[in-house]
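In order, the protein sequence lines correspond to chains A and B.
Take 1 as the starting number for the first sequence in the numbering used here and just add one per residue.
Take 1001 as the starting number for the second sequence in the numbering used here and just add one per residue.
The hints are all genuine.
Covered stretches of chain A (chain B as the covering partner; in silico rule of three or more C-beta atoms under 8 Å from a C-beta of chain B):
1. 31 to 42
2. 46 to 58
3. 80 to 92
4. 104 to 110
Have a look at the derived ranges for each label pair, beta carbon to beta carbon:
5. B/N1058 / A/E79: 41 to 49 Å
6. B/Y1054 / A/T83: 40 to 48 Å
7. B/N1112 / A/M54: 41 to 49 Å
Hint data in this document are derived by calculation from the structure and do not stem from the laboratory.
Given the structure is predicted, the values throughout are model-derived calculations rather than measurements.
Don't be surprised by glycine CBs; every beta carbon is placed ideally from N, CA and C.
In case you want the letters, here they are:
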Amino acid sequence: DVKVTQSSRYLVKRTGEKVFLECVQDMDHENMFWYRQDPGLGLRLIYFSYDVKMKEKGDIPEGYSVSREKKERFSLILESASTNQTSMYLCASSPDLFSRSGNTIYFGEGSWLTVV
Amino acid sequence: AQTVTQSQPEMSVQEAETVTLSCTYDTSESDYYLFWYKQPPSRQMILVIRQEAYKQQNATENRFSVNFQKAAKSFSLKISDSQLGDAAMYFCAYHGGSEKLVFGKGTKLTVNP
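Use the sequences and the hints to build the structure in full.
Spelled out as structure tokens, the structure:
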């Protein structure tokens, strides 16, 4: 079974702290994604990566950065956490869209971040 | 840019009845995938059904089927014989050649006994 693991399920951080959210997948997938999910707004794409050291901005990249030094790991970084970044963060991974049959997106369980 | 629109924030259905959730999308690409995902209260996203754009035949998975209208850019989900366990948030998603994965805002489905 494909596994996407998010290292922290629940975090509470103070305003101004630097926050790292880690995501690891074990299926050698090329693509990895970070979303935040808020009521009424659905899943909004923050950043995605289609290869090691490659990244693309999503729809709401402001206040976030990412790192992908190894294929299996994609980190989301909040350089200076703010209260409006309180949310649930979802990581996902997928193979290249057209490189193999049965393309499916796999999700982690989510990380609940509260910034106080 | 690709966008996905789910026009129904909430829907309800009686147990054993049929319900259809709407999804439209906008793209200039010809090859892409469309998905419906279910998110129960546990928050774990579960794949319901997947459609490849170059396949004209509508995908089906047991009680779940889609009505894929490529020219109209419409991708609705039909749930037949609804069960209490179908209650969840349902998200429509688009995955295209840019590798970007875009979601709609979701439809909250309530199943009434």
